[in-house]
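Novice: With the hints as constraints, model all of the structure from the sequences given.
One rule links them: number in this note's numbering = place in the sequence shown (from 1) + 10.
Calculated directly from the structure, the hints in this document are not laboratory data.
One or more hints might be untrue.
Simulated restraints, written as ranges between beta carbons of each label pair [claimed, not checked]:
| no. | residue 1 | residue 2 | range |
| --- | --- | --- | --- |
| 1 | G65 | P31 | 55 to 65 Å |
| 2 | G224 | P185 | 16 to 26 Å |
| 3 | A197 | G65 | 40 to 50 Å |
| 4 | A189 | A242 | 25 to 35 Å |
| 5 | G59 | G224 | 27 to 37 Å |
Given the structure is predicted, the values throughout are model-derived calculations rather than measurements.
Beta carbons are placed, not taken as given, at the ideal position from N, Cα and C, and that holds for glycine.
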Amino acid sequence: MRILVLGGTSEAGALVRGLGPHPGFHVTLSLAGRTAAPAAEPVPTRIGGFGGAEGLARYLRDRAIDQLVDATHPFAARIGRNAAEAAAAAGVPLLAIRRPAWAMQPGDAWTEVDTVAACVGALGEAPRKVFLTVGRMEVAAFAAAPQHDYVVRTIEPLGDALPVPRLAAIRARGPFDAAAEEALMRAAGIAVLVTKNAGGAATYGKVAAARALGIPVVIVRRPWKPEVASVADAAAALERVLAAGRGHATLRGV
11 MRILVLGGTS
21 EAGALVRGLG
31 PHPGFHVTLS
41 LAGRTAAPAA
51 EPVPTRIGGF
61 GGAEGLARYL
71 RDRAIDQLVD
81 ATHPFAARIG
91 RNAAEAAAAA
101 GVPLLAIRRP
111 AWAMQPGDAW
121 TEVDTVAACV
131 GALGEAPRKV
141 FLTVGRMEVA
151 AFAAAPQHDY
161 VVRTIEPLGD
171 ALPVPRLAAI
181 RARGPFDAAA
191 EEALMRAAGI
201 AVLVTKNAGG
211 AATYGKVAAA
221 RALGIPVVIV
231 RRPWKPEVAS
241 VADAAAALER
251 VLAAGRGHAT
261 LRGV
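Specialist: Structure representation (structure tokens):
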């Protein structure tokens with residue numbers, strides 16, 4: 011059974027590793043290429059785009075893919091749409107891993123917005139110490155508010171992506187626990203956290219830390235994605251794919 015996993019998340023890695031011990035699967039992991047040194051996985055890995063939904067559909071047909079799994083980031087809206095269109099066009103079953111979004115808890119002080127650009131206005135005019143965790147690709151929007159002091163954490167080097175006078179760059183990859191996040195925010199004198207509602211446990215520590223410290227959060231809502239067959243985590247995805255594999259073997263008379 012030939013499986014294409016659209017990855018770049020911890021769920022994608024867990025799924026391809028979970029499939030490893032099971033015979034009868036040929037798994038390819040596809041990464042967008044935004045991270046220079048992605049974590050190595052024990053399956054063939056391709057880097058780069060497909061050329062939109064049409065290119066992905068062509069790849070599915072040319073490689074005789076039997077199952078497509080969309081395990082991309084919750085904010086990877088375009089590839090989510092492309093995956094749904096391509097799977098329908100190629101007649102390939104699609105399963106998405108959609109981790110649940112974070113929900114407000116007692117003590118949280120959230121301002122929810124629809125885009126990263128909207129976060130800039132939500133910070134207000136008065137200078138503040140901002141902990142910015144929206145990813146390197148989108149920090150440039152905050153150049154429009156140079157009055158703030160920014161602590162920016164990214165996986166890739168920040169470089170000159172955010173040209174403001176007061177900036178501290180942190181390069182790190184999660185997971186991040188709440189105690190360490192609280193210590194970081196306290197030491198840096200953070201007044202507001204800006205993040206995306208990525209969901210999951212790996213980066214929730216900053217949200218819990220903000221709650222503990224009484225720090226407000228400006229948080230970007232999830233983008234729309236098509237309704238497709240989906241599960242909440244890698245374990246459920248593995249169960250679905252293994253079941254599909256058993257059905258595939260039966261149809262082939264194995």
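Novice: Tell me, in ascending order, the numbers of any earlier hints that this structure violates.
Specialist: 1 and 5
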